[in-house]
Amino acid sequence: MGNALIGLGGAFLAAGLLARLGTRIGLPTIPFFMAAGILFGPNTPGIILVREPAELELFASVGLIMLLFHLGLEFSLGDLVEGGPRLIGAGIVYLLLNVGGGLVFGLALGWGLPEALVIAGAVGISSSAIVTKVLIDLERLANPETRLILGIIVVEDIFLALYLAILQPVLGGASGAGESLLLVGRAFLFLLVLFAIARFGARYVGRFLGSEDDEELLTVIFVGLTVLVAGFAEEIGVSDAIGAFMVGLILAETKQAHLIERLVLPLRDAFAAVFFFVFGLSIDPGGLGPIALPVAIAVALTLVLNVAAGVICSRMNGFGRRQASNVGFTILGRGEFSLILASFAAAAGLDDRIGPFVALYVLILALGGPLLASRSRWLARVIPERVLERKPLAGEAPV
Amino acid sequence: MSVHEQDLPGIGRKFEILVGKGDRIDVVIHHSGRRDLYVFERGAEDPSTVVKLTDDQARRLGAVLSGAYFKPAVVEEIEGLIGEFAVDWITLTDESPATGKTLAELQARKRTGMSVISIIRTGATIKAPDPDEVLRSGDRLVYVGPQRHLDGFLSYMLG
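If you're matching them up, the sequences are chains B and X in order.
Just so you know, the first sequence maps onto residues 1 to 399 in my numbering.
Just so you know, the second sequence maps onto residues 1 to 159 in my numbering.
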């Protein structure tokens with residue numbers, strides 16, 4: 001027991017102290033939490049805090065559950081509808097380019113179809129946490145293109161939830177088309193039931209949660225509900241992450257939603273750090289050599305596709321070169337969602353190169369993304385002016 | 001001056017306020033309650049300054065701007081000095097025992113411990129009232145004195 005506690009406490013502390021170094025120079029925390037896992041894990045010399053990732057697995061699962069629960073809780077369809085078709089359009093353009101490009105790249109790697117699907121998601125979906133932090137840190141909340149960027153992330157959030165729901169049965173190792181159809185059907189039935197509860201039953205769920213005056217009991221009950229449904233979802237093959245996301249969606253409709261949003265934050269922050277740390281534990285730096293080239297190609301691909309998406313979305317909204325550059329380089333950040341997908345792949349027993357691949361990829365883009373975003377004004381020069389110029393209409397004098 | 005409101009998905013809401021000759025102040029209200037003020041000079045793409053406020057600070061700033069919060073330092077000083085003293089006013093009515101009497105007759109300080117320091121009468125303020133001043137219904141008497149004598153003073157003057 002003592003050993004396990006030392007491991008857990010050490011994991012928190014190592015992750016926190018390392019990330020503190022990073023935040024001093026304005027870098028996001030997620031890559032540092034993961035790096036702490038690599039450095040203090042069994043695959044590197046020096047102090048080994050945790051020998052077996054399995055020791056912390058339960059805590060890591062709770063971290064994943066809290067991450068997705070919070071995502072569901074914060075998710076607001078209203079926000080997006082209010083933003084109008086332009087925001088949704090921008091999000092779809094971004095996903096088509098990046099997830100599509102990621103899928104082509106994944107298939108080209110030749111590791112297999114399920115592997116390609118995981119890589120498509122890991123390469124295609126930006127980190128909401130990192131992008132939001134970049135916008136706040138760089139003081140760009142009042143920029144005209146910021147709304148576009150936030151719209152893209154919201155669309156990515158929805159996509160992630162749907163993608164996880166579809167991916168789990170595919171990765172679940174169904175034998176034959178019939179069985180995987182059955183699994184997908186069961187997953188969607190489960191989601192449908194939860195959606196129906198979110199839509200029609202929020203009042204009863206709210207009553208079940210209890211009074212807002214008793215924050216202690218409210219916390220205990222919503223944590224219990226979330227973890228229980230997540231576990232149930234996992235058992236029927238939907239994945240704990242989606243179960244937690246759906247509970248978040250349901251609780252978002254209750255009158256206690258705002259309070260729960262506040263109460264869940266410390267839980268999410270603490271356990272998500274363990275999730276990233278545990279992911280780091282499984283990464284052997286020695287195994288990074290063979291995947292260095294694929295990662296380099298993936299990073300280059302992401303850079304090109306992000307700038308392309310930035311240009312297209314800016315054109316759609318009549319923005320200039322500078323805004324296009326801001327969009328492209330800000331949504332470059334990769335983090336929690338890529339790591340969640342990689343942990344799915346590990347759980348499903350897919351090609352074990354995916355772990356190191358995503359780890360290195362996230363490390364580069366989580367650290368490089370904010371750096372590039374802060375230089376986006378200067379980087380705007382790489383975008384040829386003419387791609388953003390509106391062609392003069394017939395009869396209109398060229399400017 | 002025009003205010004343009006926009007929502008920032010996942011962050012909160014933004015209010016663009018055009019002031020003066022093309023200068024702009026953008027206020028971002030985060031869901032967390034935090035407020036950011038972005039000040040843009042005319043034609044500038046980058047804000048010339050960004051101020052980050054907590055919910056509490058923002059409310060205070062808002063109150064100051066709206067004029068509701070203004071509290072000159074001098075008043076705070078006096079409040080600090082006075083401590084357990086009460087400074088307030090009462091308004092006399094036809095029924096008040098003090099109505100129709102002079103301050104000299106009343107001898108409020110001697111009998112109750114509270115002093116009447118000025119009289120506010122429609123159209124005029126009598127700052128250091130003469131002892132022979134006859135109090136009228138509708139007069140507002142500004143008084144000062146130890147808090148513990150307040151009840152006695154009120155019943156003596158107002159009944």
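Quick caveat, the hints were computed from the structure, so don't treat them as lab data.
Any given hint could be a false lead.
Unchecked claim - List time: in silico EDC-like cross-link candidates among lysine to aspartate or glutamate, alpha-carbon distance up to 20 Å:
{"no.": "1", "chain 1": "X", "residue 1": "Lys101", "chain 2": "X", "residue 2": "Asp56"}
{"no.": "2", "chain 1": "B", "residue 1": "Lys133", "chain 2": "X", "residue 2": "Asp46"}
{"no.": "3", "chain 1": "B", "residue 1": "Lys133", "chain 2": "X", "residue 2": "Asp26"}
Stated by the list, open to error - A short list of chain X residues far from chain B (calculated; beta carbon distances all over 12 Å):
{"no.": "4", "residue": "Leu8"}
{"no.": "5", "residue": "Pro9"}
{"no.": "6", "residue": "Lys14"}
{"no.": "7", "residue": "Gly22"}
{"no.": "8", "residue": "Asp26"}
{"no.": "9", "residue": "Val28"}
{"no.": "10", "residue": "Ser32"}
{"no.": "11", "residue": "Arg42"}
{"no.": "12", "residue": "Thr49"}
{"no.": "13", "residue": "Arg60"}
{"no.": "14", "residue": "Leu92"}
{"no.": "15", "residue": "Leu106"}
{"no.": "16", "residue": "Thr125"}
{"no.": "17", "residue": "Val142"}
{"no.": "18", "residue": "Arg148"}
{"no.": "19", "residue": "Asp151"}
Glycine included, C-beta positions come from ideal geometry on N, C-alpha and C.
Here is how each hint holds up against the structure:
1. Lys101/X <-> Asp56/X: violated, 49 Å
2. Lys133/B <-> Asp46/X: Cα-Cα ~18 Å, so holds.
3. Lys133/B <-> Asp26/X: Judged against 20 Å, a Cα distance of about 19 Å means the pair holds.
4. Leu8: The claim breaks: Leu8/X does not keep its Cβ more than 12 Å from every Cβ of chain B (closest is about 5 Å).
5. Pro9: violated, 4 Å
6. Lys14: Violated: least Cβ distance 7 Å, not greater than 12 Å.
7. Gly22: holds, 15 Å
8. Asp26: violated, 4 Å
9. Val28: violated, 5 Å
10. Ser32: violated, 9 Å
11. Arg42: holds, 15 Å
12. Thr49: About 10 Å separates Thr49/X from the closest Cβ of chain B, which leaves it inside 12 Å; violated.
13. Arg60: Given that every Cβ of chain B is farther than 12 Å from that of Arg60/X, nearest at about 22 Å, it holds.
14. Leu92: holds, 46 Å
15. Leu106: holds, 52 Å
16. Thr125: holds, 49 Å
17. Val142: holds, 44 Å
18. Arg148: With a cut-off of 12 Å, Arg148/X remains clear of chain B, as the shortest Cβ separation is near 38 Å.
19. Asp151: holds, 37 Å
Against the hints set out earlier in the document, violations occur for numbers 1, 4, 5, 6, 8, 9, 10, 12.
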